[in-house]
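Those sequence lines, one after another, are chains A and B.
Just so we're aligned, residue 1 is where the first sequence starts under this note's numbering, counting upward by one.
Just so we're aligned, residue 1 is where the second sequence starts under this note's numbering, counting upward by one.
One or more of the hints may lead you astray.
Distance windows between CB atoms, simulated [what the hints assert, rightly or not]:
no.	chain 1	residue 1	chain 2	residue 2	range
1	B	300	A	283	35 to 45 Å
2	A	128	B	221	56 to 66 Å
3	B	82	A	67	22 to 32 Å
4	A	190	B	204	51 to 61 Å
5	A	280	B	171	33 to 43 Å
6	B	207	A	190	55 to 65 Å
7	B	124	A	209	49 to 59 Å
8	A	25	B	51	26 to 36 Å
9	A	280	B	48	31 to 41 Å
10	B	207	A	284	32 to 42 Å
11	A	280	B	260	48 to 58 Å
12	B	304	A	125	18 to 28 Å
13	B	47	A	52	40 to 50 Å
One side only, chain A facing chain B, incomplete, derived with CB under 7 Å [what the hints assert, rightly or not]:
no.	residue
14	117
15	123
16	205
17	277
18	279
Worth flagging that the hints you see were computed from the coordinates, not collected in a lab.
Don't be surprised by glycine CBs; every beta carbon is placed ideally from N, CA and C.
The chain contents come next:
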Amino acid sequence: MSGASITTGAAAAPAYHKAGSIRRERRWAMIGAYIALAVFVVFFLLPPFHMLVTSLKSSAEIADLSGNPWIVRSPTLEHYWALLNHGSYPIHFRNSVLVTLSVVAITMAISIPAAFALSRMRFWGSTMLATGVFLTYLVPETLLFIPLFQIIGGLGLYNNLWAMVLLYPTLTVPFCTWIMIGYFGSIPKELDEAALIDGANHFQMLWKIFIPVALPGILAATIFAFTVSWAQFLYPMAFLVSSEQMVLTTGIVSDLIRGDTFQWGMIMAGALMAALPPLLVYAFLMDYYIAGLTAGATKG
Amino acid sequence: MADGNVITARGVPAAVAPPRTSTLQRLARRRSTLAFLMTLPLLAVIGGLVVYPFFYAIELSMLNKRMTRFVGLGNFEFLLGRETFQMVIWQSVLFAVTAVIAKALIGFILAHVLHALPAKGQRKWRGMLLVPWVIPPAISTLAWWWLFDPSYSAFNWLLTGIGADPVPWLGEAGWARFGVILVNVWYGSPFFMIMYLAALKSVPDQLYEAAAIDGASALQKLRYVTLPMMRNIISITVLFSLIVTFANFDIVRILTNGGPQDRTHIFGTYAFQVGIQSGDIPLGASVSLFMFPLLAVFAIFILRGVSRRTKEEA
Numbered sequence: 001m002s003g004a005s006i007t008t009g010a011a012a013a014p015a016y017h018k019a020g021s022i023r024r025e026r027r028w029a030m031i032g033a034y035i036a037l038a039v040f041v042v043f044f045l046l047p048p049f050h051m052l053v054t055s056l057k058s059s060a061e062i063a064d065l066s067g068n069p070w071i072v073r074s075p076t077l078e079h080y081w082a083l084l085n086h087g088s089y090p091i092h093f094r095n096s097v098l099v100t101l102s103v104v105a106i107t108m109a110i111s112i113p114a115a116f117a118l119s120r121m122r123f124w125g126s127t128m129l130a131t132g133v134f135l136t137y138l139v140p141e142t143l144l145f146i147p148l149f150q151i152i153g154g155l156g157l158y159n160n161l162w163a164m165v166l167l168y169p170t171l172t173v174p175f176c177t178w179i180m181i182g183y184f185g186s187i188p189k190e191l192d193e194a195a196l197i198d199g200a201n202h203f204q205m206l207w208k209i210f211i212p213v214a215l216p217g218i219l220a221a222t223i224f225a226f227t228v229s230w231a232q233f234l235y236p237m238a239f240l241v242s243s244e245q246m247v248l249t250t251g252i253v254s255d256l257i258r259g260d261t262f263q264w265g266m267i268m269a270g271a272l273m274a275a276l277p278p279l280l281v282y283a284f285l286m287d288y289y290i291a292g293l294t295a296g297a298t299k300g
Numbered sequence: 001m002a003d004g005n006v007i008t009a010r011g012v013p014a015a016v017a018p019p020r021t022s023t024l025q026r027l028a029r030r031r032s033t034l035a036f037l038m039t040l041p042l043l044a045v046i047g048g049l050v051v052y053p054f055f056y057a058i059e060l061s062m063l064n065k066r067m068t069r070f071v072g073l074g075n076f077e078f079l080l081g082r083e084t085f086q087m088v089i090w091q092s093v094l095f096a097v098t099a100v101i102a103k104a105l106i107g108f109i110l111a112h113v114l115h116a117l118p119a120k121g122q123r124k125w126r127g128m129l130l131v132p133w134v135i136p137p138a139i140s141t142l143a144w145w146w147l148f149d150p151s152y153s154a155f156n157w158l159l160t161g162i163g164a165d166p167v168p169w170l171g172e173a174g175w176a177r178f179g180v181i182l183v184n185v186w187y188g189s190p191f192f193m194i195m196y197l198a199a200l201k202s203v204p205d206q207l208y209e210a211a212a213i214d215g216a217s218a219l220q221k222l223r224y225v226t227l228p229m230m231r232n233i234i235s236i237t238v239l240f241s242l243i244v245t246f247a248n249f250d251i252v253r254i255l256t257n258g259g260p261q262d263r264t265h266i267f268g269t270y271a272f273q274v275g276i277q278s279g280d281i282p283l284g285a286s287v288s289l290f291m292f293p294l295l296a297v298f299a300i301f302i303l304r305g306v307s308r309r310t311k312e313e314a
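Put together the whole structure using the sequences plus the hints.
Okay, here's the thing in structure tokens:
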């Protein structure tokens, strides 16, 4: 693949009708670029690769110190099988799915109307509120988890999965509202006017014009909410203690480490399966994924 | 309630419009009421679960351990006097600053290299380079933990393979600090890369052409075209990442849990240990609040950068 790219680079070069040294310089620059890329790809993909290798080994092979840890000699799916059939891994997976789906739905239900109101219907304090939303997005969860611990306890939701559904929106709603204000703001005002002339009310305007037109933005925000909820670690760590309430991020560690025995094969298999949903979403919707991320700082 | 509003709002334009101004006024009033109602859930989330807990945190931080007595700034004083906490401050700053500089540099280099590639291959490389940032850090840190394992470390296997000594990755303070920073850099660099790549693509080609005609070298193009054009996005990204890195929790918690001898604790993990694990809620709240002044300053600068950017685009 890299060979093909280099030749296309060289084929483009003669168009300049420059001396050969420049062409050669360009070519060396390209080779340097590919070497740098290869080094970083290896660095970036090494941990996931090692995760995969370990998850495919039998426990005996993992414990065997004489072999090469980077390759697997007799691949087996026993760890995956054990995780899916015994223990609480399926429960944790179900909890993660449950929490994530609820949070995504709640986030969208809150932030779409709010973004519509803030971008189109000026009212007293609306610009200040938009700024406030952005500032809330910058508040990290480590700043507030201790008072939230007290509040959750006071509400009787300690060690309750649904506390997560209550708390995660604080992490997703501000950013989703913020990028949606940007997307809605970029819709031309003529569309609203046309709709108003046709006798549409604000809800019809939102439903029939804004949501369809801003669908890429909504999809990007949805993916963001999904990623954040799936990856959240501090809140489940602080507020959930019993295994049947836990989500994947905390459940893997708490269930597979008993005292000093680390079941590394199972830990890696569990981690890999937990990483799969975001990776799949990313693989199929990469452009929306990236759009959602970059929009936060470039839009609005 | 919202439905009721809609129905009357729909009725208004259709109604025979006798005193026109008052109808318009009523419409405007109704419109802002409707808008307010639409933002009400947002206000509830922010007010109830962000603003209120923040003030509650301040209140908590001024109580004694049993939360029965007001102690003023006693908790903060106590913390500042403790050697462990002084090390937490120092380690948090070291962790955030080193990691952000490394992430920004790697991201900048990768963005440039990617930008120079032909469009076809670019996508594939970009896809692979973003993987660390897609895997939830709480999950990927498990892989790093296993790579740093004292007896089974696959890195040490490679090191002994080339004749070097095995490294006590998480067992010794210096190496443990290096380890948590390394994992953070691994996780965060793709974010910088993708932000810079987006910014690079938005620099108009004419500027480079003009620079080339003026005989600028590659380095001069970088210095006088690319950097000034990207200055704002670089500062926003760096400040944003400083906040996130400074307030990190997952990586340190899983990799070292603050050890060895509390040398790798940062604010988040230390607040967790003091507040949740040891049950001293007020002291934990004080530890968290120590982050606030610094975060507030970063946030103000980000806001300035973002609003300047909006003005440029408008």
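Which of the numbered hints are not met once you compare them with the structure shown? Hint check: 2, 3, 4, 6, 7, 8, 11, 16 and 17 fail, others pass.
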